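Q: Each chain, letter by letter, is given below.
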Amino acid sequence: MDLFQDVIRPAVTFLTRPEILLPVASVALALALKYYRVLSQPKVAGLLGLVFLGWFVGSLWNDNFKKVITKPDNIPIVLLVFSVLFLLWLCLRRAALNDERAERDEPPLEAIHRRETVLVWPDLVMVEFICLLAVSALLTVWSVGIRAPLEEPASAAFTPNPSKAPWYFLGLQEMLVYFDPWLAGVVFPTLIIVGLVAIPYVDVNPKGNGYFTIKERRFSITVFLFGFLIFWVVLIFIGTFLRGANWNFFGPYDKWDPHLQVPLNNIDVSEIVWVKMLKLGRPAHWLQREIFGILMVLGYFAVGPALLAKTVLKPLFKPLGFVRFSIVAMLLLCMVSLPLKMLGRWLFNLKYIVTIPEFFFNI
Amino acid sequence: MSKRPSATNNDPGYFYNPKRLMQIFTGVTAALMASILWMIWADFERPWKADQRAELRWESGKLGVEAMLLEARTQADRAKLDALLEAAQERFDAQKAELDKIEADLRLAESGRYAAELDYKGQKQYTTEADYFVHEASTPEERDAWLHKLEVSRDREHRLRDALQLATANRDALLDSKKSKLQELDALRDQERKNPELARLKLTVEARKRKASFHPARNLPLLDFLAPPTKVEQVVLDNIVDNYEFATPKKVDRCGTCHIGIARTGFEPEKWPLEILDLPAGDPEKVEKFEQAVYRFVFGLLEAIWPKVPPDSRFPHEDGLLRTVAIHHATLDTLFADYDDSDGTIGVDEKTSLKVWRRYERLDDATWKESPKGRSVGDYYLAALQGMASHWRAHPHMDSMVGTNSPHPYETFGCTVCHLGRGWSTDFGRAWHSPPLLTVDDWMTTERAHAEHRHLPANAQMSLEEAMQAGHSGEGNVHQGFVSDKATEARWKGLGRTKTELQYWNYPQLPLSLVQASCLKCHKDGVYASPREEYLHAHLGAPHAGLPDTLDYEDHAREFNNDPDLDTSRRIFIPEEKEPYRPAQLERGQDNFLRFGCYGCHKLDAAIYPLMETQRPKVGPPLDPITAKTDEAFLLQWVYNPKAFRPDTRMPRFWELSNNSHTFSYRFAEGGYLTEQVDGKAWGESEAYAIVQYLLAQSKGGAGGAEALGDPKKGERLIVGDYAASGGQAKACIACHDVPIASPELKVDPDKLRAWTDPRTQRVYGWGDRMSRQHGPNLAGIGSKVKASWLVSWLKDPRGYWHDTNMPDLRLTDEEARDVAAYLMTLKNPEFEALKTSDPVTGDQGILRRIAEELKVSEQQESTKDAIRIVAGMSEQDRTQYVGRKLIAHYGCFGCHQMESFKDATPIGTELTKWGSKSIERLEFNHAPIEHGRFEFAYAKMVNPRVYDLGMPRADLPFDRLKMPRFDFTPEEARDLAVFLLGLVDDPVDAASFRPDAHQRVLIEGRKVVHRYNCQACHIIEGKGADVWPAVAEAKWRPPDLLGQGLKTRPAWLFEFFKKPYEIRPWHSIRMPTFHFTDEEDRALVAYFAALSRVPYPFEEKTADGLMQEGKEIALPAAVRLKVGDPNDRAKKVDRSVTTRRDMANAMFTEYQCKSCHSTDPAVPIGNRAPDFRHTREGRLRAEWIEKWLWNPGKLQAGTAMPSFFAKGQAQDPQFFGASAEEQLRALRDYILNHYAEKDR
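As you go down the protein sequences, you meet chains A and B in turn. FYI, my numbering numbers position 118 of the first sequence as 118, with every residue one higher than the one before it. Convert by adding 363 to the 1-based position in the second sequence; the result is the number in my numbering.
Only chain A is shown next, with the shape it has when bound in the complex (with noise of 0.2 Å):
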């Protein structure tokens, strides 16, 4: 038996499928979060680390992986996977030790080196001008080691494929596969931008400014890393080593092929109620047509606040109030949407909840 092929090579290709890795990076996260001071200690966290370094090294003697993971492009992203680790690590580290910390009401780390003034010189000039060289360095040594990721003059006649955003709208661009462009393309990043600048106001939390914590902050931590880490760096992750040729997904191990043949027989949920359940075919005027789908999302939106301050979210009611309240539950409702979205295409083949090419209108 061959231990690759037979069983690295199948099961990594099966853990990276966006409809597994999704779940299992969220599962994961959810677990961290959970259980941040056995995973953070040192030794566990290191042993962990060495797996993923383990593997990750010896991946590189596959080809296919070897030539992602080294296309000067993809560098960053390769260095970004590593520092994201490594700073979660960190900040769940120094989390769980302040928590522990407050359990013996002692004052946070950061509240031991706290200081109000240092030295122009040499304690701020001095670093900013080595860090200044290092970097000057660090990226002589880039321009030089790995060459610029120059390709051909643009034609509209050969273009690349795939053909990818910069990899920072790479998550974006995940995101164009489940859903209308008007949405991933328009909605959702300003939703991302307002939800950001609504923080502060929503933010009725005095604890844990300042210093590392989740005890105390564990329901905005929780958002944040999820929507950071899963909905963006992961998707960034998907887009960069996962997706090849025509957009299809590969497996790390996997050739490109630009000739492989995916079947996409998406549908809509008129054609799953009307077709599929009631065998009834969709009726010609769109509000007849797309009523469930109609329904499905305003429901969401109108019941759903209501049963999130009802359940998951109740001892969040009180402190926020009532139009704080709605206002995290509908940007939460809009996040998560997303993932049901996913769920939706990989489990039941979900094209659009609501599709009206009359006004040009999907969700």
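In short, the hints are calculated from the structure, not lab data. Certain hints may be false.
Lysine-lysine pairs mimicking BS3-like chemistry, simulated, CA-CA at most 27 Å apart [to be verified]:
{"id": "1", "chain 1": "A", "residue 1": "K279", "chain 2": "B", "residue 2": "K1281"}
{"id": "2", "chain 1": "B", "residue 1": "K1281", "chain 2": "A", "residue 2": "K67"}
{"id": "3", "chain 1": "A", "residue 1": "K276", "chain 2": "B", "residue 2": "K1228"}
{"id": "4", "chain 1": "B", "residue 1": "K1281", "chain 2": "A", "residue 2": "K164"}
{"id": "5", "chain 1": "A", "residue 1": "K67", "chain 2": "A", "residue 2": "K255"}
{"id": "6", "chain 1": "A", "residue 1": "K341", "chain 2": "A", "residue 2": "K310"}
{"id": "7", "chain 1": "A", "residue 1": "K207", "chain 2": "A", "residue 2": "K351"}
{"id": "8", "chain 1": "B", "residue 1": "K1228", "chain 2": "A", "residue 2": "K255"}
The calculated label-pair distances, taken between Cβ atoms and stated as ranges, are [as the list claims (entries may be wrong)]:
{"id": "9", "chain 1": "A", "residue 1": "M330", "chain 2": "B", "residue 2": "A397", "range": "53 to 61 Å"}
{"id": "10", "chain 1": "A", "residue 1": "P160", "chain 2": "B", "residue 2": "D1229", "range": "46 to 54 Å"}
{"id": "11", "chain 1": "A", "residue 1": "P263", "chain 2": "B", "residue 2": "A397", "range": "42 to 50 Å"}
{"id": "12", "chain 1": "A", "residue 1": "A284", "chain 2": "B", "residue 2": "D1229", "range": "23 to 31 Å"}
{"id": "13", "chain 1": "B", "residue 1": "Q1208", "chain 2": "A", "residue 2": "P160", "range": "53 to 61 Å"}
{"id": "14", "chain 1": "B", "residue 1": "A397", "chain 2": "A", "residue 2": "K67", "range": "25 to 33 Å"}
{"id": "15", "chain 1": "B", "residue 1": "D1229", "chain 2": "A", "residue 2": "E19", "range": "49 to 57 Å"}
{"id": "16", "chain 1": "B", "residue 1": "A413", "chain 2": "A", "residue 2": "N209", "range": "27 to 35 Å"}
{"id": "17", "chain 1": "A", "residue 1": "A102", "chain 2": "B", "residue 2": "L585", "range": "58 to 66 Å"}
{"id": "18", "chain 1": "B", "residue 1": "Q597", "chain 2": "A", "residue 2": "V120", "range": "37 to 45 Å"}
{"id": "19", "chain 1": "B", "residue 1": "W401", "chain 2": "A", "residue 2": "A102", "range": "48 to 56 Å"}
Some residues of chain B that are not near chain A, with every Cβ distance over 12 Å (derived) [as the list claims (entries may be wrong)]:
{"id": "20", "residue": "N768"}
{"id": "21", "residue": "I1104"}
{"id": "22", "residue": "N1169"}
{"id": "23", "residue": "I1233"}
{"id": "24", "residue": "R1285"}
{"id": "25", "residue": "N1289"}
Owing to the predicted nature of the structure, the values given are computational and were not obtained by experimental measurement. A virtual CB, placed ideally from N, CA and C, is assigned to each residue, including glycine.
Got chain A; can you put chain B on it based on the hints?
A: Okay, now just chain B, sitting in the frame of chain A:
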């Protein structure tokens, strides 16, 4: 976290440990310094820079050695010239004192004059000033004051002017008196400069020496920006652009950066002298300098090209430098051992190198020690020069490509126009260099291919190999015909270039063996260089050449080019020592494309490719009258597998191929009734059966009756075309057909028919590439194919059966036709006959029903249920007819065969007009483990057209499978076709495209007709052809060489002759058949021959009656007395008195005995030595040609029996026309042209 010295909030103590900070700072600074040094080094060591430095080292060595060689070789000349100089110098020295004195005096006089001039010019300024203020003065007083000043100044000025004149006169007088003396001395002093020979010699040597001086300082890292010896060499092409759809920037090629000698004369390997220098052994200093130059030179080469030379053999051993060179040679020798030249595919460069290396293999230790040192140095110099097997060389076809005088100069065409790749890259990998082609064998078995195709079925590779190999019934197999050079590929891969990457550039460089494809970009007519013949003929007709006494092309061309008034654009192209470059693969590929009728299914836009005439006839015979030609039993076997009857037939096979040969199961789209296993052979046979039944039912040919046949022995002789054997009547079918000859005495050595050498001119004739006998079908086994009655009628009138056939009317009598048919009917194919009974092709009605149902569904008009119902309702016959008709439409039989019922059908194949530009990603390789490249795709498709169905689900559905039939191309045919396809690119080179002028257009059109009717099977046209000649026993019986045909015959006559040929030389054994040219073809041919000879067409010179004037005979000055031979007894001379030009011409005609060979009298039987003069009556000959012919017949037609009466430019018999050769020629010409015409009047 650093240790904090202070912990209180407002303490201004250090936050970080200063010592630690300084340490970090030092470390970071060192790192930055190191990275910057690395950057400098990386820039310095960029591959193209390193390469250019190596080249410079090598070139400086080369120039140094050349300078020394030249110095040594010209030593005597220079010594002589130096002696002259020395004498002059002595005389000069003797008078040196006198010269010095004169020069001193002159200097003195001149300085006096100059001082006077300064004074005078200064005073003039004051005068001008005073003059100004006189006019501008505001008060009278002021004005008066200035007036006074003006006068004074004027006075002084005049005096100074006089002084200046005096000084000038003084100096001039002195100069005059010494002038002659000075000139004499000057001449002595300038001796060196004025001696052009010496100047040239010195200049050459000095220039080489100067160039050879090599400044390593200029090449130091970071200093090399001051005066960089290395730089990017690029050409920007004005007329050729890259196409990015919305932008078309000019093409930029930087290939010259590394291919540094590509367009430089002196860098052509074959031009380097292969001689050995004897260095003066007694001059150790010189020898040492020489050695150093050789060292640089040889090592420049070695270090640049062969980085694999082991480092420990790179430095001088104890024996010194030369020994090291020998070691290197041995190393190189092993490197070259990888090359196997058995198939002749190694390039010129490698061959040259091989030759040189082998020369030195013999130089073992003992020989080495004995050989004189200097000589060996010279030897090695040359060895290294010759061995420069690299990119520093000049282009191997400088005469045709890249060279300044070639039709495609480097500055105008660059490199990537033809070679493709990315011109603006200076990096080996990114310029998209392509390694040499792999063999098909390699493609199929590379592990890489398997690893990359994760969807590949487990046993797919085996079945592909089977598919590629088994069933290839043509000659050889797919493994032949390619260079397998894994070592080179590995080396190239090491340099960052592999073929599997499909990114950034749609046009990777073509491997050298395919580069001809690019010619098609500009030469869309498919007309290529054959200037030699063209200009040869041009000289026959060129007005400036007068009467040529030699037809040597290059001599004339040189003479022509030397004309100082000649416009340079009209210079004649002279290929030096070798034939002009000819893209033979592409020509053959194009020929194959037309010959195999690829255009029947695949459209090629005739608006873009003029070689595709819009109404090009189909390549196969019409099928409507098929019953007249053959019978059902034959058709069944033939349609099912034509190759079983004759492996070399052009008819392809459709069944028993890799996607329908095995037992396979069918999957029906919906409904699924057809799930059982069906035998592939039975299915295929049933398809063939239905097609044949349909053809027979549609045929209007009748059944054909019994036919009495003639004598096969006579027929055989007619076929061979041998005069002696056939008793004077021959048809030479073997000019166009391969015919098995039974009688041993008639057989011709097939090698002779391939290419043969004319013993007189040493010229090689014959097609060489493809034998003309493959023009028509091979007639082996024809007796098993056709009906005798059809054969007789076909031979008598081919166009009656097939209007578009190329087969000419042979003008056979009934008896001859029956004789030929009798012989042909004896040619049987017994194996094939046996097949009819042992393995008959039959239709299975059960399978036919299924095929019909499948077809009904695939029409997408019926549901499965309906299809089954409808088919069940058909009668057996109807069903067969339905299936037959549908299958003909499906397989596109009408692409090659005329069929009335499919006359409006459209071609079924992919349009190929822009195939070569198709993105490689859009080619459907599917699971075929073949490297992804355009050539690889096309080649594998030619070899096995169904290969891309391998492992595809759609192959389960019988009518979704690939359907291109298998032609069983030989590997060469497949490769040539693929090269042609590669050339079909959509590339904006219009501005640089080849646009034939009127003359070239005529040549192109003419060549098309010549090619279509296989004229070169019998005649030599443009120096090519006459395959049939060796089959004819005697030279004089052979069809004529058509050299100078346009000059010889008049257009009107030639036009009529092509329409209706008749006998001009009755002794020839092969008669020109009647081709039924259309008027257009006929005109194209006539114009073509005129153009080849560069004579005006359709106009011709007026041939006035040179014997008469205004109805009267032209009188000679006075009655002239001649002594000419008595017509009855030539030895006896008689006195004759002539008064007119006609009489004298007549006497000359008799005296030169023209009639003894050329028959003139209708009553006299036609002789067998020379054409009858009576043909002049029909307006056959051009007057100009008669003169040239008489002047020197041997030059126009090598080996002719016609004697020359004007050898060495002198008239043989001086008594006519005052011994003037020109007058005599003209008189004979007029006599021949007019005499017989007049007799008829």
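Q: Would you mind marking each hint as holding or not holding in the structure?
A: Against the structure, the hints come out as follows:
no. : hint                             : verdict
1   : K279(A) <-> K1281(B)             : violated (45 Å)
2   : K1281(B) <-> K67(A)              : holds (26 Å)
3   : K276(A) <-> K1228(B)             : holds (25 Å)
4   : K1281(B) <-> K164(A)             : holds (22 Å)
5   : K67(A) <-> K255(A)               : holds (9 Å)
6   : K341(A) <-> K310(A)              : holds (24 Å)
7   : K207(A) <-> K351(A)              : violated (43 Å)
8   : K1228(B) <-> K255(A)             : violated (43 Å)
9   : M330(A) <-> A397(B): 53 to 61 Å  : holds (55 Å)
10  : P160(A) <-> D1229(B): 46 to 54 Å : holds (48 Å)
11  : P263(A) <-> A397(B): 42 to 50 Å  : violated (54 Å)
12  : A284(A) <-> D1229(B): 23 to 31 Å : holds (30 Å)
13  : Q1208(B) <-> P160(A): 53 to 61 Å : holds (55 Å)
14  : A397(B) <-> K67(A): 25 to 33 Å   : holds (29 Å)
15  : D1229(B) <-> E19(A): 49 to 57 Å  : violated (41 Å)
16  : A413(B) <-> N209(A): 27 to 35 Å  : violated (60 Å)
17  : A102(A) <-> L585(B): 58 to 66 Å  : holds (59 Å)
18  : Q597(B) <-> V120(A): 37 to 45 Å  : violated (52 Å)
19  : W401(B) <-> A102(A): 48 to 56 Å  : holds (50 Å)
20  : N768                             : holds (34 Å)
21  : I1104                            : holds (53 Å)
22  : N1169                            : holds (41 Å)
23  : I1233                            : holds (29 Å)
24  : R1285                            : violated (8 Å)
25  : N1289                            : violated (7 Å)
The structure fails hints 1, 7, 8, 11, 15, 16, 18, 24 and 25 (numbered hints given earlier, in ascending order).
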